[in-house]
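Line order of the protein sequences matches chains A and B. Sequential numbering from 16 applies to the first sequence in this note's numbering. Sequential numbering from 37 applies to the second sequence in this note's numbering.
Worth flagging that the hints you see were computed from the coordinates, not collected in a lab. Heads up, a few of these hints could be off.
[Unchecked claim] To give an idea of the chain A side of the interface with chain B (calculated C-beta under 10 Å), a few residues:
1. Val46
2. Phe117
3. Tyr133
4. Glu157
5. Thr159
6. Val163
7. Pro197
8. Gly201
9. Gly240
10. Ala259
11. Arg260
12. Asp279
13. Trp282
14. Leu297
15. Arg324
16. Leu371
Just so you know, even glycine gets a beta-carbon here, dropped at the ideal spot from N, CA and C.
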Amino acid sequence: MPSLLSRRSILGTAFVFILLLAACGPAPLGVGWPAISLANTTCGENTYQHVIVAFNDRVVLVDPADGSGSALLNNECEPRPPEADGRAKVWDFRGTGQNQFFALPSTLDEQTLIAMNYAQRIYEIDTATARANNGEGSTLPERTGHAVAQPLVNGDLIYFGLANKDLVAWNRSDNTLAWSVPTAHGVWSSPLLYEGVLYFTSLDHNLYAADAASGELLWKLDIEGAAASTPLLHDGILYVGSFARKIFAISLEGEKLAEYTTIDWVWGTPTIHENVLYAADLVGNVYALDITNNLSQIWQQKVAARAIRATPVVYEDRVIVGSRDQRIYWLNRDNGTPVQDGDGQPLVREVPSEVLSDVLVIEPTETNGVDETLVVVATLNPAELLIAYSLEQGELKWTYRYQ
Amino acid sequence: MWDLILNPFITVLTLLYTALGNSAVLAIVLFTVLIRVIMLPLTAQQMKSSKAMSALQPELQELQKKYKNDREKLAQEQMALYRKHGVNPVGGCLPLFIQLPIWIGLYQAINHALAATPLQLLDLGGRFLVGGLDRLVPLNNVVAGIDLTQPPQSWALILPVLVLITSWVQSKMMTPPPMPKSDDGEPSATNQAAAMTQSMTTIMPVMMGMFSLSFSVGLSIYFVVSNVISIIQYSRNPNTNWKNILSFGPPKPAVSTTSANPRTPLEEKIAARKEKSNKVEVIEGKATPKKATK
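One chain only, chain B, in its complex shape:
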């Protein structure tokens, strides 16, 4: 099963290596860019979906408050809300699930192609889908005196630092600010989860940096390039939480979901509906709650 992903990846990586003058570093960089570009539609879909879910958070919180004692009803109303706005609650996960094996394949392909131990080199055998590539094995994995298959030494120690910094920026950009506290002043369940996520986004980059001290240099290059691409992707999102990048603790809750950043079309739509629905309640007065929410 893995071979279906791994073998084409290893083949392309090796072809790039040849095309780029037998440079393993350039091959890893270009290959990572290539894979990330191919996955762009999936990443965009994931970002769009998670943005739509964020926009629905206020209404979801209201529903949670309203039906806190009736889980079945809450689920029904949540589904109705999703249907109304054309949002798939697992829409953000599906692209992620599709991307996951590709990421693992990419990681494995680099590991295999740079074969550091006999078993890794043995595993490379029979994986090329294009004839003649065997003659390139093993790839030249020493660049400027640094063995790409080994943990970083001398000047390559800059790589764990770069991994840490780029992971940090990327994860902080990805994390949405928590919602304002509810009327009773208690943090919502969503915000508790967000706080947890926030802690992880502080710890994970540090862990990645530490791991990079033990990972091969080749893999660190992959992590840096991959993170930079993610940063570029997220920087195009108008709702990117730039202030969060310098934050070590949980971020301050956003004053309003719409005040600092321009609204996305979905957010505009939701806000307009909400405004309209409030007006109906005020003018008609007699409308039943059920009718008012229609």
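Just chain A, same shape as in the assembly:
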């Protein structure tokens, strides 16, 4: 009997525990990848450059000079006194409800960032204190659902792509929904604003153009497959990749000018350098296409064993990509072959987990304290969330631990 009782109590406890988990538990974290970019903050007359990282339920700033958390500064622009346990006070914003940030915040003004998490909670973050000016955040009126795209700020109007469907314009001054552009599926990337027109892609297989002030739909174009990245604008032409295994060149009036067929889906926004478009696909191919000749192929290389999600980075004579195969590749811009390191070996660096985030190149400036050009990648491993290598030889410079 006692054993039966103890079994029952164990079962009962397990039941209550699971009940709590199921009913009250937070949305699971760690199901995305870090969004990274460069960001500037100002203090007095000084400007500081940081790496900004949105991952899980936090947004943090990292010092690109040594990979430490960027210090919170006082009014004299000195680091604030450390915490009681001796830890430095660093720039670390945490949202409420343990909801993920899939996208980076955008700059609202010199002192404020605006961010939206997966639960569509909007935070206005004070860059001096790393705290939300609007407490627990606000929500979009009349809209529920999720968000994975970075907001775009245009004065008082802030544009949000919603994960379920539609692009909406939120009027920050009176907290109203100014308008929305209906889409049949989600909008997973930030819109591009050019001369009063918003250009954005949707998973519903269309590229849209809408008036940025009124939200009036100007045109939409079938790009044959879902698209999850912001279009690239170059010399008055839009370039966009899609899951139809194609890269398109499209006029600002919505006419297809050229297209190139890739081997697999193209997720990241292409990049253009000296009239050559560089893009990658989800089976590890990198492409160089001639934009002056109907996107004709200059070269194509099978670089990685797994997906290259992000935009390739082009810097001087190199193309750098990170892959889900846990490697960073340095390629020659002319032909896509691997760059050789000092020992005559391909310049490839292994990292502790897959790389899905954008790759950053950070040049030395007066605002960042970096002494040589760095390549910074983000992984999914919190112990080495960011890793910095020298651009030239791929020498490890620092790692950032996400605590």
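Take the given structure of chain A and dock chain B to it, following the hints.
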């Protein structure tokens, strides 16, 4: 390794989606039915094996009583019993082990195809084994205002209730009634395990219902369809313990394994042997126990 199961599943699910007029719900329902039909031989084998093991329980209990102090001998005699009746004691587990990755694959395929987050959508890339399916991605996952990738809201809250009810019926149908108490009035080890199983069959459906509040609507549809198919399968079993469905606590022990339900061929065979062996003991009298059990 998982890709070998997952990729064909995702491909078939997407093909069904196209064939059924871009309806993700119908695709999930038909796909679940299809997989369960393909697994029918395995499920039947598992049911047959577990039925055979149930039929042997009285003799196994006798052996446990007889050789309670000699584990080695008990094991030998048990194996001899299994051999005599052509029963494989792990015969019920093997089909289960084969089915397990298929179930997980099915679950994963639905999760991937309905991609709710960027990582899930990214994982869908390169999984189609038939050209042209990329153009269907992502599947239209909003049905009657309900997002199939999200936990249930409004009318879809009926789904957790259906998951609970169907899980309940299925698990209660699966659970055999415990054997009658032994001569000394103590519950046997088998019955203690059965009581434990019985508790689990009460708790698990409730847990499944609770989980369905957090699972995506698409997965809840899968659970309901899968449970209904299991219920249909078990309802064809003449030994199904229907009374157990309304039972919240441990069920009453069966008065006899043969009184309420018709015997299966194996049960008939075992009962006949037992009867014959008892007769031999009575008539011959002098037969040694060893000979009598032969």
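Tested hints:
1. Val46: 5 Å, holds
2. Phe117: 6 Å, holds
3. Tyr133: With a closest approach of 8 Å, the Tyr133 of chain A hint holds.
4. Glu157: 15 Å, violated
5. Thr159: 9 Å, holds
6. Val163: Holds: closest Cβ of chain B sits about 6 Å from Val163 of chain A, inside 10 Å.
7. Pro197: Nearest chain B Cβ about 13 Å off; hint violated.
8. Gly201: This hint holds: Gly201 of chain A lies near chain B, its Cβ roughly 8 Å from the closest one there, short of 10 Å.
9. Gly240: 5 Å, holds
10. Ala259: At about 6 Å, which falls below the 10 Å cut-off, the nearest Cβ of chain B leaves the hint on Ala259 of chain A intact, so it holds.
11. Arg260: 6 Å, holds
12. Asp279: 6 Å, holds
13. Trp282: Since chain B brings a Cβ to about 7 Å from Trp282 of chain A, closer than 10 Å, the hint holds.
14. Leu297: Cβ of Leu297 of chain A sits 4 Å from chain B, so the hint holds.
15. Arg324: Hint on Arg324 of chain A: holds, closest Cβ of chain B at ~6 Å, below 10 Å.
16. Leu371: 7 Å, holds
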